[in-house]
Structures are given as structure tokens and as C-alpha cells.
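Asks: Single-letter residue listing:
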Amino acid sequence: MSKERKKWFSLNLRNKEQNSCGCSDSKCSDPSNKKEDGISQVFDVNMDRRQAFKKLTAGLVIGAGAVSSSCSVVSDEKSKEKSQIEWEEYFKGNYKLMSDEEKRKTVNRLVRSYELRNGKKINISSKDAENDVLFGYAFNISKCQGYMDCVNACVEENNQDRASQMQYIRIHEMEDGKGLNFGESDDTYYHEVPAAGHFYMGTQCFHCDNPPCVEVCPVQATWKEKDGIVVIDYDWCIGCRYCMAACPYDGRRFNWTTPEIPENEVNKDQHYLGNRLRKKGVMEKCTFCIQRSRQGKNPACVEACPTGSRIFGNLLDPKSEIRWILENKKVFRLKEDLGTEPKFWYFMD
Amino acid sequence: MTKLNQSLFILLMVISMISCKDNHNEYHNLIDKIEAQSINFQKDSVFSNNQFEISELVKIIDNQPAFYIKNRKNKIESYACSECHDRPLDELQTENLGKRAHWNIKLIHADSKTMSCLSCHNENNLDNLHSITGESIDFNFSYQLCNQCHNKEVKDWKGGAHGKNLSGWKTSRVSKLCIECHNPHKPSIEKRWPDRFNTQMVDERK
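Residue numbers (the numbering used here), protein chains in the order written: chain E, 1 to 349; chain H, 1001 to 1206.
Because the hints were derived from the structure by calculation, they are not lab data.
This one's a predicted model, so the numbers in the text were calculated from it and none came from an experiment.
Using N, Cα and C, we set each Cβ at its ideal position, and we do this for glycine too.
Check each hint, because a few of them may be wrong.
What the hints assert, rightly or not - Straight-line Cα separation of at most 27 Å, BS3-like style, residue types lysine-lysine; simulated pairs:
#: 1; chain 1: E; residue 1: K279; chain 2: E; residue 2: K78
#: 2; chain 1: E; residue 1: K143; chain 2: H; residue 2: K1191
#: 3; chain 1: E; residue 1: K121; chain 2: E; residue 2: K78
#: 4; chain 1: E; residue 1: K178; chain 2: H; residue 2: K1206
#: 5; chain 1: H; residue 1: K1073; chain 2: H; residue 2: K1059
#: 6; chain 1: E; residue 1: K224; chain 2: H; residue 2: K1033
Stated by the list, open to error - Just a few of them, taken from the derived set where beta-carbon distance is under 7 Å, the chain E residues facing chain H:
#: 7; residue: D132
#: 8; residue: Y190
#: 9; residue: E192
#: 10; residue: D209
#: 11; residue: G296
#: 12; residue: K319
#: 13; residue: N328
#: 14; residue: V331
#: 15; residue: E341
With the rest of the complex left out, here is chain E:
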């Protein structure tokens, strides 16, 4: 990991020479100095006057609210707890840098916050990637019939905004004999399927091994996990949409408004990096259903597909179905020449 390029958030600017744990030698013995996170990430940074003012104003807005309600004698315990959570959530660090303890704490805060607002318990996981796992996906373009059962399953599983009809998956209806012509394909068809003389091709986030969206993120709010899933920290994303522009596959979606899901339709089995409820102004996308796949289940689209066009598995398991397909079928990926190395293969019967 020491080979990795310097992260923008290494804040220990006084010590130019750093060792692997990110702090100077003398400090390494002290475990309390091991990780810079939370408040220290926001405050212990050299900044100029302008930046300082910006941070102060932003902090003040939320701080004023928190202080006014937490110090007030009239407001009840619940609203005090609420503003305490808001305060701590505002000053938490990037998920990628959090220790297991910090992950547990933020997850607990989010669960409690939802309980205070809606009176219902949700379950948010912060399960890490397993060793010897690299997720891959295969899509059979001869079998897909364009039923779009996958799209509905995905929307329900991943708590996507119902008002804007956000969907991670697009199914493109393509005409036979015209090749893979996305310009002329139709992803908004509504007629009996399969239509004669057409085939269907699904696209979504391809979880590239060399993801351009991760490269361009100015705040490192999106990254590739060890099991190959490209994830987003919704609380770190600033909504600049650079990643949306950088993705050559139209894999990313933006929340232009606050996502709204009817309370009874909210999927309460969530993951911090997956389907937990998003807010306005952040990016989201397919996470191979991280809340399911890290528990050994298949993503919702794979489970919902009635035709068996979708195959999911561990690329590092030589006996897995996905490996059998890579070794025995004629497979291809979209825009392979870009060098993005998608972990999403198409194949035909």
C-alpha cells in the first residue's frame, strides 16, 4: 500500500518524511496517534484565511443549531440527542480511513438517527471485503428478453428515488444486424418483449479494475474496495459530478433532489457503502448489492432475472461459474480499448 500515491488527506504536514503508518517514527509507539480522523481531519489542517472562513461558516451553521438545542433547557432529550448525532456525523472522517471502532460508531449513529426520525429500526452493516474474493459479472446477450425484472428488483433493493425514477440498470433494445449501436438502441421501450429482430443488452456500473471515476474524484469519496467493488461514501461526496463525466459507461447517477421512498418500501437491510438512504446532491450507482454480495448472496438483479442471463461470482475461484464462462464462452467487454478493465463481461450462447 505504501506504493499508492499520496492521499490528499495526509494532514501531518509538519513531518515531510512519513513511514507506512502515516506518522513520524517517534509518534508511532503511541497508538492514539495512529490515525487522523474525525475532528482532527477537519481542524488539524493548514489552511489560508479564505478556506478557514468557509469552514467556519459551514461549521457554524450546523454548530449553531446543535448548540442552541443541546444547551436549551426547553428542548427534550430526543432533540438533544438528535443534534448530538448531527454534530458528530458532520465532523466524522472519510469512511476509507475509519478504524473498525469508528465504523461501528457511525453506523450506530445512523441507525439511531433513523430510529429517532421514523421510529423504526434499520440494520446497517459495515462488513469489510473478504480475502480471496474479486467480484465479477457476466451477462448473456442471447438470453436477455428485456423483461426488466432486474430493474425493478434493483430499485427496491437499493432504495432508489421513486420520484425521479432513478435506475442503475439500463436495458438497451438493439436491432439485429446493426452491431452494438448504442446511438440507435432504445432503453425506454414499452411493448411486448422480446420484439422480433431485436436483442437486449443491460448496462450498469461495470466496477472497472482501473476505474476512471475514482481517478477524478477531488475528495476521494469514491474508491475501489479490495473485493473489486467501486463504492461511494455518500457522506464525503461533494456532488461535483466529475465521476459522472469520467465514466465512459453511463454507470453513475446523481440525486438532483432528496430521494424519496415510501416508508413501507424502504429496504431496511443496508450497508454503509451500499443501499443506505442517500441525500440530495450526492452520487450513487450499482454496488453489486454490497449488502447482499458480502453475505454470500447474489445481487438482486441476478436473483430476479427469470432468464438466467445474469451470472455473478468470485473471479478468484477457478471453479466458479463466472470463471467457466470466461474460459469457455466467447466473451467481450464494452470499450475494452480504453483500458478501464471492466469486471463485467458479455457473452452469447
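Fit chain H to the supplied structure of chain E, relying on the hints for placement.
Replies: Same frame as chain E, but now just chain H:
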């Protein structure tokens, strides 16, 4: 001049070697990475699956790795067939028993030159199926019957490229049997309407 050429050549070699490794990872491409990292892969072969009871499953052993299907035979209504079919078929037909069973089955599978009821069902022993060569095939292993013509599909099914995986990616595979999706008497799949119509996307595309 030759010395200059030589040093240029060496320089180019060095640059190309560096640029190969420059891609901030140690593999040339994804396939190299997958192959290198899966050499020492260990998977425990013990059946571990909390969705299914092992007693409900049947193991398919003529494939490596072996996988499972759900037991089909004990789900067939009024099996064993011999409980009714205790006499030869033509005897039953002359008895005027009326519409007792199977009367609604029409065979719409290939043409009459290729398929009849008796291509798969054995009139002398209706408890089992039989192959073209007359070998008995258990109802649980009906894919062996399909394999006579659709061997490419069955090969893909065994490998995992065709059909439906009912378990997750992590545990031993449980697959749907051919006939759970394709009605053997009428295997073609009918058209239907899509599950979803995205009006927002229609507006955006205008």
C-alpha cells in the same frame, strides 16, 4: 554514432520497462491479475447453504465441480405413475375412464417426425423416462434426456452459463433443472410486457 544509438536503445528499453510497471499495479491486465491471484485459492468443498436442506437436494456428479438440483421426483403430483398405470396403455384407453389425467397436455415440442410422447416416456415403465437407446432415466435427472438433442445447452448449464443459480455465489451451487423453466411439452417461452416503464427517461430522451 553507434555508441549514441546503443545508449538510446538502452534508454528506450529502460523507459519501456518502467512504463509497463507504471500503471500503479503489478499486473499487465485484469486477466493476469485474476490468474495470478487465484493460484492459491482454497474453497471448502463441504456443502454449506442455509437456504436449502441437503435432504431436498440431488447431487449432479457428472460434472466437476459437482452441483445440486432440487429433488423433483417427490414434487410430481400423484407419483408413482404406476399407481394408476398398472395396466398397459391401450388397455386403459379402451376402458372409457374419461378425462382423468394428462388430457390437457398437447405436445408442442419439435415436429412429429422427431418427438412423440413415447420419445421420452416408456410405455412399459412409466415411473421412469427413457432415452432413444432405451436406457432408463430417472425423473430427477431429466436433463440427460434433454442432452440427447440440446447437448450444447446442457453443457452450458453444467458449466453455469445457462440456467438459473438459486444459491448465492459463495456456497455450493444449486441450479434450476431444465424443466423448471422450459415446459418439456411446450418449451418455447411466451412474450410478455416489460415490468417497468420509465416515463422520466422518456421525457429526458425527447
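Asks: Hints first: check each against the structure and report whether it holds.
Replies: To see whether the hints hold, each was checked on the structure:
A threshold of 27 Å between alpha carbons decides the hint, and for K279 (chain E) with K78 (chain E) the separation of about 22 Å falls inside it, so the pair holds. Pair hint K143 (chain E) plus K1191 (chain H) holds up; C-alpha atoms about 13 Å apart against a cutoff of 27 Å. Between K121 (chain E) and K78 (chain E) the alpha-carbon distance is near 16 Å, which keeps this suggested pair within the 27 Å criterion. At roughly 23 Å between alpha-carbon atoms, K178 (chain E) and K1206 (chain H) fall within 27 Å of each other, so this suggested pair holds.
Between the alpha carbons of K1073 (chain H) and K1059 (chain H) the distance comes to roughly 14 Å, so the proposed pair stays at or under 27 Å and holds. The hinted pair formed by K224 (chain E) and K1033 (chain H) meets the criterion: a straight-line CA distance of about 15 Å does not exceed 27 Å. Of the supplied interface hints, the one on D132 (chain E) holds, with its beta-carbon coming within about 6 Å of a beta-carbon of chain H, less than 7 Å. Evaluation of the Y190 (chain E) hint against chain H yields a held restraint, the C-beta minimum of about 4 Å falling below 7 Å.
Proximity of E192 (chain E) to chain H holds as hinted, the smallest CB-CB distance being about 5 Å (cut-off 7 Å). Restraint check, D209 (chain E) versus chain H: the minimum CB separation of about 5 Å is within 7 Å; hint holds. At a threshold of 7 Å, the smallest CB-CB gap from G296 (chain E) to chain H is about 4 Å, leaving the interface hint in force. The interface hint given for K319 (chain E) holds, since its Cβ lies 5 Å from the closest Cβ of chain H, which is under the 7 Å cut-off.
This hint holds: N328 (chain E) has a C-beta 6 Å from the nearest C-beta of chain H, less than the 7 Å allowed. Restraint check, V331 (chain E) versus chain H: the minimum CB separation of about 10 Å is more than 7 Å; hint violated. The closest approach between the C-beta of E341 (chain E) and any C-beta of chain H is roughly 4 Å, which is under the 7 Å cut-off, so the hint is satisfied.
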